Amino acid sequence: MVSDQPRWVYHRGYSTPKRIPKLPESLKYPSFFFNIVCANRFKLEDPSYEILLYPILKLNPQKIFKIRSVIQHPLRNEDRTYLPPHLDALPEHYQTDKFKVGVYYVNDSDGPTILYKETYNSAISKGYTDEDINNGKLEIETVVEPKKGRLILFDHDKYHSTGIPKNNIRCVINYNFYVS
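Numbering follows my numbering, in which position 49 of the sequence shown is assigned residue number 49; successive positions increment by one, without gaps.
Treat the hints as calculated values from the structure; they're not laboratory data. Just so you know, these numbers come straight off a predicted model, no measurement behind them. Where is the CB? At the ideal position from N, CA and C, for every residue including glycine. Just so you know, nobody snuck in bad clues.
DSSO-like cross-link-like pairs, simulated, lysine-lysine; straight-line CA separation at most 27 Å:
(1) K100 - K137
(2) K66 - K158
(3) K63 - K98
(4) K158 - K98
(5) K158 - K147
(6) K137 - K158
(7) K147 - K58
(8) K117 - K98
(9) K100 - K148
(10) K158 - K58
(11) K66 - K98
(12) K147 - K117
(13) K166 - K148
(14) K63 - K158
(15) K126 - K158
(16) K117 - K148
(17) K117 - K137
(18) K66 - K148
(19) K100 - K63
(20) K66 - K147
(21) K126 - K100
(22) K58 - K148
(23) K137 - K98
(24) K100 - K147
(25) K66 - K100
(26) K98 - K126
(27) K100 - K158
(28) K166 - K117
(29) K148 - K63
(30) K166 - K137
(31) K126 - K137
(32) K117 - K66
(33) K117 - K100
(34) K58 - K98
(35) K117 - K158
(36) K158 - K148
FRET-style restraints, in silico, Cβ to Cβ:
(37) I169 - Y54: 15 to 23 Å
(38) E78 - I152: 20 to 28 Å
(39) R80 - N60: 32 to 40 Å
(40) K166 - N60: 33 to 41 Å
Just need the whole structure built from these sequences, with the hints factored in.
What follows is the structure in structure tokens.
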């Protein structure tokens, strides 16, 4: 990830499985990401990236669905402080009943992660539309500041937002994994 020949890929926005709110084009945010693993049981495409498993190894993950590193450059002229709420995926996307989401902060930065009180099912039961979710109807539960070495974990169905850094680069490693 920090080699002199990183395999970063420019990415505008992101793709989501069905039934997860789609972001309007005007709300999509350019970032760089590197999708490191698309395998289960630690069968990484490139064994040199096994070091990226370190933050979650103590949790004894049985299956790893995604490890993705994201680097965001500061946008001082951006009015918003964070992107609209989203879910990484739904369980059926990974052919499982549940999974955990982990966000590991590679560096100290601004651009906090916002966790909301609503889950996927609670938003449905309240009748929220994609527009409601994208336009700030969800209630903020926790704001997590990016601190180097911090790992936050939450259930797959919890809405969350990515902060937009204004002062320095924000780099995280995002995990989707199964723990029994």
